[in-house]
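Q: Just need the whole structure built from these sequences, with the hints factored in.
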Amino acid sequence: MFVKGKTLGEVREHEYRTLSVLATSSGKFSIPELAEKSGLSDAAVMRAVMVLQENHLVSVAECRRTTVRLSAEGRTYAEQGLPERRLIVALKELGGSAVLSRVVEKAGLDKQLVPIALGWVRRKKWADYEAQTGRLRLTGRQEEGADEKLIALLKKQADVWLESLSSEMQDAAKLLRGRKLVLVDEKTDRAVELTEAGRAALKKGAGTVSEVTQLSSELIVSGKWRDVILQKYNIEAPVARTWPGKKHPYLKFLDDVKEKLVNLGFKEMTGTAVETSFFNFDALYTPQDHPAREIFDIYLVKSPKYGSIGASDDIVRNVKRTHEDGWRTGSKGWRYKYSTREAKRLLLRGHGTCLSARTLLKGLEVPGRYFSFARCYRPEVLDRTHLTEFNQVEGIVAEENLTLRDLLGILETFAVEIAGAEKVRLKPDYYPFTEPSVELSAYSKEHGWVEFGGSGIFRPEVTMPLGVKVPVIAWGLGVDRLFMMRAGVDDIRSIFSKNLDWLRKQRLI
Amino acid sequence: MPTIEVDYVEFEQMLGKKLNKDPDRIDEVLALAKAEMKVFDRKTGLMSVEIKDTNRCDLWNVEGLVRCLRGFLGFESGPKRYVAGKPVCEVHVDSRLKYIRPYIACSVVKDVDLNDRIIRGLMQLQDKLDHTYGRNRRRTSIGLYDFDQIVSPLSYSVAKPDEVSFIPLGFGERMSLREILRKHPKGLEYGKIVSGHPVYPILLDAEGKTLSFPPIINSNDLGRVTETTRNVLVEVTGTVDETVLNTLTIVSLSLVDRGGKAYSTVVNYPEGTSTVTPRFSSGSMNLSIDYVNKVLGLNLSVQQVSRLLMRAGYGVEKTGRSSVRVEIPCYRIDVMHQVDLVEDVAIAYGFNNIEPLWRKFPTVGGVRPEQGLLNVARELMIGLGFQEILTYTMANPEMLFARMNLKSHASATRIGLGPLVEVANPKVQTLTCLRSWLLPCLMDFLGCNLHVEYPQRVFELGKVTIPDAKADTRTRDVEKLAAVSCHAGAGFSEAKSCLDAFFMNLGLKWQIKETEHASFIDGRVGKVVADGCDVGFAGEVHPAVLEAWEVENPATAFELNMDRIVRIISHNH
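Top to bottom, those sequences are chains A and B.
Each residue of the first sequence is one higher than the last, beginning at 1 in the working numbering.
Each residue of the second sequence is one higher than the last, beginning at 1 in the working numbering.
Keep in mind the hints are simulated off the structure, nothing from the lab.
Be aware that a few hints might be false.
What the hints assert, rightly or not - Derived, one-sided and incomplete: chain B residues facing chain A with beta-carbon distance under 8 Å: (1) D290; (2) L296; (3) N299; (4) H337; (5) R368; (6) T393; (7) K470.
Stated by the list, open to error - For lysine-lysine, the following BS3-like pairs were computed, each having C-alpha atoms within a straight-line distance of at most 30 Å: (8) A:K252 <-> B:K513; (9) A:K260 <-> A:K498; (10) A:K267 <-> B:K294; (11) A:K469 <-> B:K360; (12) B:K183 <-> A:K267; (13) A:K267 <-> A:K247; (14) B:K463 <-> A:K258; (15) A:K498 <-> A:K252; (16) A:K174 <-> A:K111; (17) A:K187 <-> A:K92; (18) A:K320 <-> B:K360; (19) B:K98 <-> A:K332; (20) B:K407 <-> A:K246; (21) A:K106 <-> A:K37; (22) B:K360 <-> A:K302; (23) A:K155 <-> B:K407; (24) A:K362 <-> A:K445; (25) A:K320 <-> B:K470; (26) A:K267 <-> B:K360; (27) A:K246 <-> B:K496; (28) A:K252 <-> A:K92; (29) B:K463 <-> A:K305; (30) A:K149 <-> A:K180; (31) A:K204 <-> A:K155; (32) A:K362 <-> B:K470; (33) B:K407 <-> A:K111; (34) A:K445 <-> B:K160; (35) B:K527 <-> A:K246; (36) B:K192 <-> A:K337; (37) A:K111 <-> A:K124; (38) B:K183 <-> B:K98; (39) B:K360 <-> A:K252; (40) A:K337 <-> B:K52.
In this text, a Cβ means the ideal position worked out from N, Cα and C, and glycines have one as well.
A: Structure follows, in structure tokens:
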């Protein structure tokens with residue numbers, strides 16, 4: 001590296017070319033301008049500028065600029081006028097007072113825009129709306145506001161610097177940003193200028209030495225590399241960032257859970273997103289008139305409404321009888337009239353237990369351990385703790401003479417193997433299809449107590465009608481909560497995060 | 001799950017145990033009734049308690065909750081027994097109700113001392129019962145009245161929609177039954193239960209005064225219970241005899257538990273039969289001790305099981321060397337099977353006192369057969385520099401078609417992306433169907449990351465759902481892989497070169513063949529054919545699509561049907 005005060009004799013090629021461009025004018029240059037005029041790449045200019053800056057031959061001013069431009073919706077309004085303006089124009093044409101619906105019709109305004117237009121008309125005090133009569137009446141002067149002026153400006157100019165606008169227009173930009181009509185971007189620009197030292201050094205004049213930046217194949221093959229000096233780099237200079245391809249952090253976590261389950265002897269079950277009521281509810285002894293089956297708790301398929309049950313008539317008859325009077329299960333049953341048609345109703349599965357029900361009916365091995373990772377659906381409004389679509393990890397264990405002790409053993413093993421628990425706590429729980437039912441909380445130093453698993457022994461009303469003669473333990477794991485704790489997020493929506501930056505920055509360990 | 005509001009001070013008093021407002025201790029106690037404290041408002045002293053069991057109607061008020069907990073805590077043993085005094089009221093049932101709402105049961109609870117809190121608890125209980133056990137009033141509905149204003153015998157009858165009018169609860173003016181169904185909030189909510197019939201149920205007293213229009217609304221005069229009400233008439237109508245009686249039991253007992261004295265009512269049915277309600281008689285079930293031990297994996301004696309059952313609030317009578325007859329109190333309407341008794345034995349014994357057992361039995365674990373190949377595909381995409389993403393499988397037609405420059409369902413169907421599997425009851429307008437392809441989800445993702453550093457390369461391996469008339473569920477899930485690369489220099493050759501690497505590593509010969517697909521630029525899109533089978537498409541994304549998602553850089557993408565690729569590979573091996 002060369003030091004301050006030395007001559008240009010030691011300046012290398014890229015720096016020299018950059019300086020030469022800077023010397024052509026007394027003004028400032030942006031990096032792209034320098035790149036274009038010097039014929040170097042942006043990155044090469046950037047490196048050269050940093051070297052020159054270190055040696056005080058150039059000065060670099062960083063300035064943040066905010067640009068404002070129209071959004072797609074803003075562009076539409078730039079052509080048609082703001083909805084409130086269109087409303088007012090129409091109202092004027094109608095004589096200044098008219099029923100809202102007529103004004104809307106006259107203005108040719110989309111229905112969904114009416115509340116927006118009306119809101120702004122009132123906020124801008126352009127007109128009064130009498131809710132009782134439904135009439136709109138002009139008041140005030142309906143002058144063109146700064147917001148409309150800005151839209152007109154942006155229509156002509158594509159984008160403008162926020163800083164160059166009057167304070168009134170800046171406020172208008174904020175307002176329009178809130179309405180999502182303009183987009184505001186921040187950019188950092190670098191302005192490079194020759195310093196006195198740089199100008200002086202250049203005046204003294206010098207050529208460049210034959211120094212090589214990029215070692216080329218030609219240099220290697222011809223052996224010329226022996227005759228040139230390979231440029232020393234400023235190895236501390238920042239470089240462009242690289243984002244490697246990576247697994248999604250949640251899916252990676254599920255991979256680990258899956259691997260642990262396989263190692264514990266569990267086999268995977270799969271199924272489809274659309275399920276029949278029979279497997280989602282009936283086979284799991286949930287009565288057909290149960291409130292949880294109403295439209296508020298399950299997504300129903302629009303068309304076709306009904307499928308086929310996918311179980312033999314005998315099995316359907318067993319389930320029907322069990323619901324109606326308990327059949328041979330020793331139960332009193334739910335005591336209502338079971339409908340085979342209702343059993344065929346198609347829906348989006350609300351839990352993964354329907355896969356267990358299918359396994360009980362078909363292909364259950366005894367002893368057998370099974371698990372499933374199922375995408376499930378419930379009509380919820382999304383918030384920090386609710387998703388309308390979520391993944392359930394659950395499964396079953398079937399073996400002669402299974403007891404509640406086995407159930408506790410399974411839960412405890414999961415807690416230790418998967419959640420890394422140091423101790424566990426058990427509480428009575430409720431599921432319509434299991435009895436007894438147990439909830440497990442796991443304790444670890446890192447996260448304290450966390451509800452981690454739910455489990456129960458399938459009721460005889462579930463197993464017997466499906467022809468299963470051994471006890472079957474059903475279990476489910478609260479893996480989402482565990483993931484959120486490990487990833488340090490408290491919003492369940494992060495699982496389906498649309499934030500690429502967040503995904504890129506998730507660590508692998 | 002029913003959630004009830006409980007006054008903490010009152011709860012502690014009734015429970016007879018100090019919990020010092022300690023949330024952990026409160027939860028530990030509530031857990032015995034499968035209940036959980038959700039919110040504790042220290043200002044008002046009110047706790048929101050969620051009861052998980054949707055069949056335990058007897059726990060849906062503070063009286064019942066405490067009754068259950070005091071047993072498990074050892075303060076009481078065995079069932080609580082109740083009796084109803086001799087009939088003080090009579091009801092005649094009209095034969096025309098047979099196909100509408102045939103059953104009614106009543107009780108009169110006298111000398112109650114009501115206050116605001118008790119009334120609120122009563123309303124809460126009524127609400128939960130109507131909703132859950134009453135199946136939104138279709139199966140049963142409850143009415144409470146000031147008995148002192150009513151003259152027996154009552155008439156449970158029918159009336160034409162315009163024949164009777166009365167002032168409904170909470171309103172100031174008389175309304176006909178028809179008007180109630182059209183205007184009253186309860187009429188709008190529950191009207192469909194009766195509106196299909198030419199006549200509606202009506203409950204009148206001996207003087208012709210209206211008590212209520214079951215199951216819709218009570219009269220504002222007679223059907224209102226206040227702090228000054230001394231004697232309460234409880235009435236339940238419904239479609240199932242047993243359910244009607246059970247509901248009456250639960251509601252009547254909540255008043256009896258507050259110091260009231262229950263009296264009976266005679267109900268005369270049109271066939272000439274009469275019954276006396278309420279019925280506070282216990283049920284019974286035989287229970288074998290072997291069965292208890294078989295389910296729990298314990299070795300309990302008859303004495304131990306008996307003691308635990310008593311703790312759980314049952315009566316017990318020994319009937320053999322290893323069997324007992326269990327007396328099930330009238331309020332335990334949830335017990336259907338011996339296994340329900342066994343669970344209560346386990347709760348009384350304490351889950352944390354049972355030693356867990358992990359048995360080694362020979363099962364071989366495994367993932368679904370295609371998982372291995374899917375993992376290879378994923379690894380390859382990661383190796384090619386793509387970030388894996390996870391998106392919702394629910395979408396909407398606008399996003400799947402219009403924004404992808406597919407002008408109509410028909411044009412989407414032509415290229416195998418329709419028809420869509422839609423839901424009948426979407427919650428939000430943006431999630432109305434299952435996706436039929438992945439690329440729109442990836443475009444949506446790019447549209448959310450306009451200010452994140454480019455190049456952006458993302459992929460998803462996930463399921464789409466398409467109609468399939470041959471399947472039981474009339475649909476089929478297909479595993480797909482889609483990837484998109486978006487940056488200033490993105491072009492067709494990048495996608496093609498990725499696919500080259502992808503198929504080479506899977507050992508598959510592949511070709512790209514000209515095709516038309518409106519989501520891509522004409523002449524820069526192709527069908528991906530592997531081993532002679534159509535497995536997807538690749539191309540440069542059409543600017544109209546980029547514009548629709550407000551993406552400002554060119555993008556190149558491909559989408560593959562992994563089920564087909566897996567099939568080809570397993571066939572080759």
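Q: For each hint, tell me whether it holds in the structure or not.
A: Checked hints:
Residue-level restraint check for B:D290 is violated (minimum Cβ-Cβ distance to chain A is 12 Å; threshold 8 Å). Given the 8 Å rule on beta carbons, the hint for B:L296 holds: about 5 Å separates it from the nearest Cβ of chain A. Hint on B:N299 is violated. Least Cβ distance to chain A is approximately 11 Å, over the 8 Å limit. At about 4 Å, the closest approach between the beta carbon of B:H337 and any beta carbon in chain A falls short of 8 Å, and the interface hint on this residue holds.
The criterion of a C-beta within 8 Å of any C-beta in chain A is met by B:R368, whose closest approach is roughly 5 Å, and the hint holds. Satisfaction of the interface hint for B:T393 is found here, the shortest Cβ-Cβ separation to chain A being roughly 6 Å, below the 8 Å cut-off. Nearest Cβ of chain A to the Cβ of B:K470: about 10 Å, over the 8 Å cut. The hint is violated. Among the hinted pairs, A:K252 with B:K513 is inconsistent with the structure: their alpha-carbon atoms are about 35 Å apart, more than 30 Å.
At most 30 Å may separate the alpha-carbon atoms for a hinted pair to count; A:K260 and A:K498 meet this at roughly 28 Å. Among the hinted pairs, A:K267 with B:K294 is consistent with the structure: their alpha-carbon atoms are about 26 Å apart, no more than 30 Å. As the CA atoms of A:K469 and B:K360 are separated by approximately 21 Å, the hinted pair is consistent with the 30 Å bound. For the hint linking B:K183 to A:K267, the alpha-carbon distance of about 57 Å lies beyond 30 Å, and the restraint is violated.
At roughly 23 Å between alpha-carbon atoms, A:K267 and A:K247 fall within 30 Å of each other, so this suggested pair holds. A distance of roughly 18 Å separates the Cα atoms of B:K463 and A:K258; the hinted pair therefore holds under the 30 Å criterion. Proximity of A:K498 to A:K252 is assessed by CA-CA distance (about 17 Å); at most 30 Å being required, the pair is judged to hold. Between A:K174 and A:K111 the CA atoms are separated by roughly 26 Å; this keeps the pair inside 30 Å, and the hint holds.
For a cut-off of 30 Å, the pair hint linking A:K187 to A:K92 is broken: about 43 Å separates their Cα positions. As the CA atoms of A:K320 and B:K360 are separated by approximately 36 Å, the hinted pair breaks the 30 Å bound. Distance check on the hinted pair: B:K98 and A:K332 sit about 25 Å apart at the alpha-carbon level, within 30 Å; holds. Restraint check for B:K407 and A:K246: the C-alpha separation of about 35 Å exceeds 30 Å, so the hint is violated.
Under the criterion of a C-alpha separation no larger than 30 Å, the hint pairing A:K106 with A:K37 is inconsistent with the structure, at around 56 Å. For the hint pairing B:K360 with A:K302, the CA-to-CA distance comes to about 46 Å; that exceeds 30 Å, so the pair is violated. Between A:K155 and B:K407, the direct Cα distance comes to roughly 28 Å. Compliance with the 30 Å bound is thereby established for this hinted pair. Taken as a hint, the A:K362 and A:K445 pair is broken in the structure, with Cα atoms around 42 Å apart against an allowance of 30 Å.
Note on A:K320 and B:K470: the hinted pairing holds, with a Cα-Cα distance of about 25 Å set against a maximum of 30 Å. Between A:K267 and B:K360 the CA atoms are separated by roughly 15 Å; this keeps the pair inside 30 Å, and the hint holds. Using a Cα cut-off of 30 Å, the hinted pair A:K246 and B:K496 holds, with the two alpha carbons roughly 21 Å apart. Distance check on the hinted pair: A:K252 and A:K92 sit about 62 Å apart at the alpha-carbon level, beyond 30 Å; violated.
With a CA separation close to 22 Å, the supplied pair B:K463 and A:K305 stays within the 30 Å bound. Between A:K149 and A:K180, the direct Cα distance comes to roughly 16 Å. Compliance with the 30 Å bound is thereby established for this hinted pair. Only pairs whose Cα atoms come within 30 Å are accepted, and A:K204 paired with A:K155 is rejected, the gap being roughly 50 Å. Taking the CA atoms of A:K362 and B:K470, the gap is about 19 Å. The hint holds against a cut of 30 Å.
With a CA separation close to 23 Å, the supplied pair B:K407 and A:K111 stays within the 30 Å bound. A threshold of 30 Å between alpha carbons decides the hint, and for A:K445 with B:K160 the separation of about 69 Å lies outside it, so the pair is violated. Restraint check: the Cα-Cα separation between B:K527 and A:K246 comes to about 27 Å, which is no more than 30 Å; the hinted pair holds. A C-alpha spacing of about 20 Å is found between B:K192 and A:K337, which places the hinted pair at or below 30 Å, so the restraint holds.
The hinted pair formed by A:K111 and A:K124 meets the criterion: a straight-line CA distance of about 21 Å does not exceed 30 Å. At roughly 27 Å between alpha-carbon atoms, B:K183 and B:K98 fall within 30 Å of each other, so this suggested pair holds. Between the alpha carbons of B:K360 and A:K252 the distance comes to roughly 28 Å, so the proposed pair stays at or under 30 Å and holds. With a C-alpha separation of about 26 Å, the suggested pair A:K337 and B:K52 falls inside the 30 Å cut-off, and the hint holds.
Figure legend: structure checked against the earlier numbered hints; hints not met, in rising order: 1, 3, 7, 8, 12, 17, 18, 20, 21, 22, 24, 28, 31 and 34.
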